[in-house]
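With the hints as your guide, set chain W onto chain D.
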Amino acid sequence: MSAATPFGSAGNTPVRAGILDRARTVAPGSYNRFLVPPAALAVHLSIGQAYAFSTFNLPLTKLLGITQSAPGDWSLKAVGWTFSIAILFLGLSAALFGRWAESAGPRKAMCVAACCFGGGFLVSALGIHLHEIDLLYFGYGVLGGCGLGIGYISPVSTLIKWFPDRPGMATGMAIMGFGGGAMIAAPLSIFLMDYFKTPENNGVFESFMTMGVIYFLFMMFGAAIVRVPPADWKPRGWTPSVTPKKLVTTANVHVDVAWKTRQFWLLWGVLCMNVTAGIGVLSQASPMIQEMFAGGVSAAGAASFVGLLSLFNMGGRFVWASVSDYLGRKNTYFIFFVLGIGLYALVPSIGMAGSKPLFVLAFGVILSMYGGGFATIPAYLRDIFGTMHVGAIHGRLLTAWAAAGVLGPVLVSYIRDFQIQNGVPKAQAYSVTMYIMCGLLLIGLLCNVCIRAVSPELHHRETEV
Amino acid sequence: MVRLKLALCWLIVGLPLVWGVAKTMQNAIKLFQ
Numbered sequence: 001m002s003a004a005t006p007f008g009s010a011g012n013t014p015v016r017a018g019i020l021d022r023a024r025t026v027a028p029g030s031y032n033r034f035l036v037p038p039a040a041l042a043v044h045l046s047i048g049q050a051y052a053f054s055t056f057n058l059p060l061t062k063l064l065g066i067t068q069s070a071p072g073d074w075s076l077k078a079v080g081w082t083f084s085i086a087i088l089f090l091g092l093s094a095a096l097f098g099r100w101a102e103s104a105g106p107r108k109a110m111c112v113a114a115c116c117f118g119g120g121f122l123v124s125a126l127g128i129h130l131h132e133i134d135l136l137y138f139g140y141g142v143l144g145g146c147g148l149g150i151g152y153i154s155p156v157s158t159l160i161k162w163f164p165d166r167p168g169m170a171t172g173m174a175i176m177g178f179g180g181g182a183m184i185a186a187p188l189s190i191f192l193m194d195y196f197k198t199p200e201n202n203g204v205f206e207s208f209m210t211m212g213v214i215y216f217l218f219m220m221f222g223a224a225i226v227r228v229p230p231a232d233w234k235p236r237g238w239t240p241s242v243t244p245k246k247l248v249t250t251a252n253v254h255v256d257v258a259w260k261t262r263q264f265w266l267l268w269g270v271l272c273m274n275v276t277a278g279i280g281v282l283s284q285a286s287p288m289i290q291e292m293f294a295g296g297v298s299a300a301g302a303a304s305f306v307g308l309l310s311l312f313n314m315g316g317r318f319v320w321a322s323v324s325d326y327l328g329r330k331n332t333y334f335i336f337f338v339l340g341i342g343l344y345a346l347v348p349s350i351g352m353a354g355s356k357p358l359f360v361l362a363f364g365v366i367l368s369m370y371g372g373g374f375a376t377i378p379a380y381l382r383d384i385f386g387t388m389h390v391g392a393i394h395g396r397l398l399t400a401w402a403a404a405g406v407l408g409p410v411l412v413s414y415i416r417d418f419q420i421q422n423g424v425p426k427a428q429a430y431s432v433t434m435y436i437m438c439g440l441l442l443i444g445l446l447c448n449v450c451i452r453a454v455s456p457e458l459h460h461r462e463t464e465v
Numbered sequence: 001m002v003r004l005k006l007a008l009c010w011l012i013v014g015l016p017l018v019w020g021v022a023k024t025m026q027n028a029i030k031l032f033q
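Protein chains in written order, with our numbering: chain D, 1 to 465; chain W, 1 to 33.
In isolation and in its complexed conformation, chain D is listed as follows (with noise of 0.2 Å):
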């Protein structure tokens, strides 16, 4: 099929592509390409709503009760699944479709994310509705989550090949989205949950309803807009550099081939410990700013707190992943990893000398280097492995998020519960927890120095896939 008319053949007749076939999505010769990155961004901005999932995990415990828990009711750790299962879905579905969003292309990725991620509220509000929560586990954690890995995985190689002069800034300006898109989805959760709730109900089957309705519709803007380049486009006054530099490789490697390198692997370990020791924090940022400064920081601090790590997570996808365009990825992930080794040493000092705003300014750093570290590795990706499979080889990459978000949560809140029955203070229970963060980005430092170009015999063959 060519990339460059909208028609497929069967035989010697022509047959026109569907409407969401990767040829009808190739893109005029008048197309700016920064149409691009808000296509990527509505998706992105969508499925970042998981990050904000646990809003609705007290009023799910209330559907019968209302105001308190009553018998019947779901507990929190029954809901708390929910969250898990989509992220695991999550990372299988980004390894197992990976392959076909690269060759169905973007629209078609789109919109199967966008019926998987809008359907998945769909069917769990019908599940809150029986109150089922079988049906908002398949709901919200089995067809959500895979609305989650594809639309994650589907605007990326399209972004790197409109942008092969910024493929860092591109790629980060789109998975900033799903930083971001925590910040929208928490207000936008409780605005609907108030709006909605009445004496006999919480208000929680409309506001899935209604957020169903709004990320598919979201998530089909972005569908609507998004465009392949066509074959051999470049930007306009662009020549790639002539000087070949040893880890940016202009062949491509098959993803067949690709998840078999050293390099993958090294790749793996560090996406992986750079996530576990971020996501380790994210996710016990609350209490462990309300017990670092006992009695000095109220629940609703520890909240904002939780805020402002968000919004660093999400600035550090843009701001890092651009500079990696200028550093090179493995210069970036090395600052990554000594600055971050840095920080986590000084936090037990920075809790006991009692200085708030240098534990948010340290902890706002580390942040955005997790943030970094998901929006740099796209790019890094197409340096070591070419254009040709990059989102199908990203996709089996995140199979390191789904491996760090069970093992930094488990690790951080197993050591200080350990901690703590072992008679140490709470204020000084997370500081062995630092030590070995430290330990993780040093395992993270090792696996990135140890990245070299994949070998000549290894690259594809041919040009096209």
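Be aware that a few hints might be false.
[Claimed, not checked] Here are the simulated DSBU-like cross-link-like pairs (lysine-lysine), alpha carbons at most 35 Å apart as the crow flies:
1. D:Lys-356 to W:Lys-5
2. D:Lys-197 to W:Lys-23
3. D:Lys-77 to D:Lys-330
4. D:Lys-356 to W:Lys-30
5. W:Lys-23 to D:Lys-426
6. W:Lys-30 to D:Lys-197
[Unchecked claim] Listed below are several chain D residues computed to face chain W (Cβ distance under 7 Å; list not exhaustive):
7. Ile-184
8. Pro-229
9. Ser-304
10. Val-306
Read the hints as simulated data drawn from the structure, not as lab findings.
Idealized CB from N, CA, C, for every residue including glycine.
Leaving out everything else, chain W in the frame of chain D:
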């Protein structure tokens, strides 16, 4: 026409994001009160 479309698309995704960031910043003040 292309520029208008571009501005409109950025506005559609930018406005909710700015609203979310503003809400977060508003709440962040509480931390230092």
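Hints and how they fare:
Distance hint between D:Lys-356 and W:Lys-5 is unfulfilled; the C-alpha atoms sit about 45 Å from each other, more than 35 Å. Distance check on the hinted pair: D:Lys-197 and W:Lys-23 sit about 22 Å apart at the alpha-carbon level, within 35 Å; holds. A threshold of 35 Å between alpha carbons decides the hint, and for D:Lys-77 with D:Lys-330 the separation of about 40 Å lies outside it, so the pair is violated. Note on D:Lys-356 and W:Lys-30: the hinted pairing holds, with a Cα-Cα distance of about 13 Å set against a maximum of 35 Å.
Among the hinted pairs, W:Lys-23 with D:Lys-426 is consistent with the structure: their alpha-carbon atoms are about 31 Å apart, no more than 35 Å. For the hint linking W:Lys-30 to D:Lys-197, the alpha-carbon distance of about 27 Å falls within 35 Å, and the restraint holds. Interface hint status for D:Ile-184: upheld, as the beta-carbon distance to the closest one in chain W is roughly 4 Å, under 7 Å. Evaluation of the D:Pro-229 hint against chain W yields a violated restraint, the C-beta minimum of about 16 Å exceeding 7 Å.
Annotation: interface hint on D:Ser-304 holds; nearest CB of chain W at approximately 4 Å, less than 7 Å. Interface restraint check: D:Val-306 against chain W, minimum CB-CB distance 9 Å, threshold 7 Å, status violated.
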